[in-house]
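If you want the building blocks of each chain, they are given just below.
There are 2 protein chains.
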Amino acid sequence: MPSISNKGLRMPASPIRRLVPYAEAARSQGRTVYQLNIGQPDIQTPDLALRAIKSFSQSIIEYSHSAGITSYRQKLSAYYQHMNMPIGPDQLLITTGGSEAILFALMSCLNEGDELIIPEPFYANYISFAITAGVNIVPVTAHIEDGFALPPMDAFEAKITAKTKAILICNPSNPTGYLYTKEELMRLRDIVLKHDLFLFADEVYREFVYDGKKHMSTFELPGLENHLVVVDSISKRYSMCGARIGALLTQNEEVYQTCLKFAQARLSPPTFGQVAAEAALETPQSYFNEVVSEYESRRNHMVDLLNQIPGVQCPLPGGAFYTVARLPVKNAEDFCIWMLKEFAFHNQTVMLAPASGFYVTPDMGINEVRLAYVLNREKIEKAMECLAHGLEAYQQVLHLAE
Amino acid sequence: MPSISNKGLRMPASPIRRLVPYAEAARSQGRTVYQLNIGQPDIQTPDLALRAIKSFSQSIIEYSHSAGITSYRQKLSAYYQHMNMPIGPDQLLITTGGSEAILFALMSCLNEGDELIIPEPFYANYISFAITAGVNIVPVTAHIEDGFALPPMDAFEAKITAKTKAILICNPSNPTGYLYTKEELMRLRDIVLKHDLFLFADEVYREFVYDGKKHMSTFELPGLENHLVVVDSISKRYSMCGARIGALLTQNEEVYQTCLKFAQARLSPPTFGQVAAEAALETPQSYFNEVVSEYESRRNHMVDLLNQIPGVQCPLPGGAFYTVARLPVKNAEDFCIWMLKEFAFHNQTVMLAPASGFYVTPDMGINEVRLAYVLNREKIEKAMECLAHGLEAYQQVLHLAE
Chain A
5 MPSISNKGLR MPASPIRRLV PYAEAARSQG RTVYQLNIGQ PDIQTPDLAL RAIKSFSQSI
65 IEYSHSAGIT SYRQKLSAYY QHMNMPIGPD QLLITTGGSE AILFALMSCL NEGDELIIPE
125 PFYANYISFA ITAGVNIVPV TAHIEDGFAL PPMDAFEAKI TAKTKAILIC NPSNPTGYLY
185 TKEELMRLRD IVLKHDLFLF ADEVYREFVY DGKKHMSTFE LPGLENHLVV VDSISKRYSM
245 CGARIGALLT QNEEVYQTCL KFAQARLSPP TFGQVAAEAA LETPQSYFNE VVSEYESRRN
305 HMVDLLNQIP GVQCPLPGGA FYTVARLPVK NAEDFCIWML KEFAFHNQTV MLAPASGFYV
365 TPDMGINEVR LAYVLNREKI EKAMECLAHG LEAYQQVLHL AE
Chain S
5 MPSISNKGLR MPASPIRRLV PYAEAARSQG RTVYQLNIGQ PDIQTPDLAL RAIKSFSQSI
65 IEYSHSAGIT SYRQKLSAYY QHMNMPIGPD QLLITTGGSE AILFALMSCL NEGDELIIPE
125 PFYANYISFA ITAGVNIVPV TAHIEDGFAL PPMDAFEAKI TAKTKAILIC NPSNPTGYLY
185 TKEELMRLRD IVLKHDLFLF ADEVYREFVY DGKKHMSTFE LPGLENHLVV VDSISKRYSM
245 CGARIGALLT QNEEVYQTCL KFAQARLSPP TFGQVAAEAA LETPQSYFNE VVSEYESRRN
305 HMVDLLNQIP GVQCPLPGGA FYTVARLPVK NAEDFCIWML KEFAFHNQTV MLAPASGFYV
365 TPDMGINEVR LAYVLNREKI EKAMECLAHG LEAYQQVLHL AE
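Listed in order, the protein sequences are those of chains A and S. Residue 307 in this note's numbering sits at position 303 of the first sequence, with consecutive numbering throughout. Residue 334 in this note's numbering sits at position 330 of the second sequence, with consecutive numbering throughout.
Errors might be hidden in some of the hints.
[As the list claims (entries may be wrong)] Below, computed lysine-lysine pairings styled on DSS-like, alpha-carbon distance capped at 27 Å: (1) S:K79 / A:K79; (2) S:K79 / A:K58; (3) A:K186 / A:K198; (4) A:K58 / S:K58; (5) A:K79 / A:K198; (6) A:K217 / A:K167.
Please keep in mind that the hints were generated in silico from the structure rather than gathered at the bench.
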């Protein structure tokens, strides 16, 4: 029997999805599972996107242009211009989700064995994309005590070698929800220019920013024309995760043309998703105002309830719809599995994502979890009550076992 | 300015799509361009697939399971069983087009630097996928004089080294339309087992087989349980290229689980496409009978007209909707560009795909083109008339230039 590849062996199972069998078992026993482990919003997709699909009028579902449907690219370019991102229709490439945009960027810009610096904790699937591209991730650790702020410049400089080719950030961050300040972004810009690196910025949570603040795109940083690749996606913006539509944006013509060759190889992004996405661009600002206010209220409520649980520590995130909390347990993954396998409070339990999968430094985040506030306030309240009782029960169980 | 990756530099522009700017220019001058270069069928998508999309009733477009929607996998499994392919719902992975299935297979089974043997000419994008995966393609040349039959066993054995990890075939073949016989497939099986290799079989044109013959799947070959990965797609079957829905099938549990990790990293295949694909499975046999009879009649007509043009040689393909023809020119790419840039017959011209992009052996196929018979008989007739006049005019132009 022929053997599996080394990359295949090294690919991690998703830390977000690997507890799914335990949750399925809990549900099949009749328990309610509050699912805070995954960023699948419960927010409705804008009606005009759904209507565009329902009135799809072509009789052949054809390939689109490899870079995406022209009219969609034109309108999407206008959306970016409105966001202070000076990107023309020929400087953006429609991709199959943000995932594909990251892969295209890595494949086009980094060689096998090159190093990619990422502040950790970071979106766990970056590890999978790096393995796919044969790239080595070099982490710079952000700390819960600092609310996961950008580590200082010298922490980056200490990690830069002859192999360093790029820095990847996610702003606002999945999993921490941290929103970078202008000053932090300017620091990143200086490092990138000083060492002639690429900067990859995952800005898919751009719209989800709280406390009246405004998201600053890396495109607003001066002098990065040849260095910057921005990754985008409509999955969260319009609650259309299943449409699998993202985008790659760059002003670097050589990077664009190279990414386009990878795009041509897979022929085209999904046609239906593009049709829905094009229509979704007409979504009124009132939709986002409502959604942002809903998430902000959920965030306040969840973080407040979390910090009321003895021994739990959770910073207040500035954006996205995630937060990373420290729990009073030794090993958060063991606790998460126990919650699904063994625990019930009024026949309910909670599913969380162990945070260790969002770090690459060994033993980091071992007592942390990521929570997505993608359930309404009432459910969040019940979930936090469950979690509080679960933590208490778990400590007693551990005590008895000793 | 940071540099592009080596893989990015090596990625070829699509030989199928790289003449597009010339065709656009011709059209903008008001010329009719008969497009035989690309496998975009003019056949209608089955109505029930379109209706499923128009009655999409969910209010949130959610991620699906990373392996694909469960109900779709169950029904798709039944379709395969019906085709003598014993594949259960947990032995198939829904992918974003057949393209992604090939990438998953290469990434999961081959290391950087491993060798993949492919009979050439082959689907040009295999080169792009091999570069992406860091795999070296080793060609075994099939010849137009033999109708592009499978090269003899010793031609394969001569290419096998310690680095050889897999053989990839496409049956029926894009670009040649060749349909492998049972005897040829058994020969491949013997090589695969003797050298403990993977066999990747791209069977996306399974339904398009002519002259009353039947397609034989590699799953019908005994003893390949641990060796075989089949790539599939609905793009051509239901004329749904833009849906971007394919599948990867394997009975090798380790390969399946490894591919699933790559699938989890990109979260899920497109939801809309899966909904349309699930509905399309109910397409009655009469649809295929009509489509196959239409293609067969086009094939007969086109190959007949091609062979009537002085100096043109074209075998009769047994399947798919492509054929590779030899033209009486030195360089087919120069001729194809000339046809778009310089030539008109009654204000019409023809767009073909130069075949050299489907070979990796230097100078092979330099006077060959691939033609897709994706236009109706009337248009094919006009296109062949155009081509005949074009070839005649081209020879005069070259003669004058000498």
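So, going through the hints one by one against the coordinates:
1. A distance of roughly 38 Å separates the Cα atoms of K79 of chain S and K79 of chain A; the hinted pair therefore is violated under the 27 Å criterion.
2. Between K79 of chain S and K58 of chain A the alpha-carbon distance is near 24 Å, which keeps this suggested pair within the 27 Å criterion.
3. Annotation: proposed proximity of K186 of chain A to K198 of chain A holds, straight-line Cα distance about 18 Å (limit 27 Å).
4. Note on K58 of chain A and K58 of chain S: the hinted pairing holds, with a Cα-Cα distance of about 4 Å set against a maximum of 27 Å.
5. About 35 Å separates the Cα atoms of K79 of chain A and K198 of chain A, which puts this hinted pair outside 27 Å; it is violated.
6. Note on K217 of chain A and K167 of chain A: the hinted pairing is violated, with a Cα-Cα distance of about 37 Å set against a maximum of 27 Å.
Hints 1, 5 and 6 from the earlier list are contradicted by this structure; the remaining hints agree with it.
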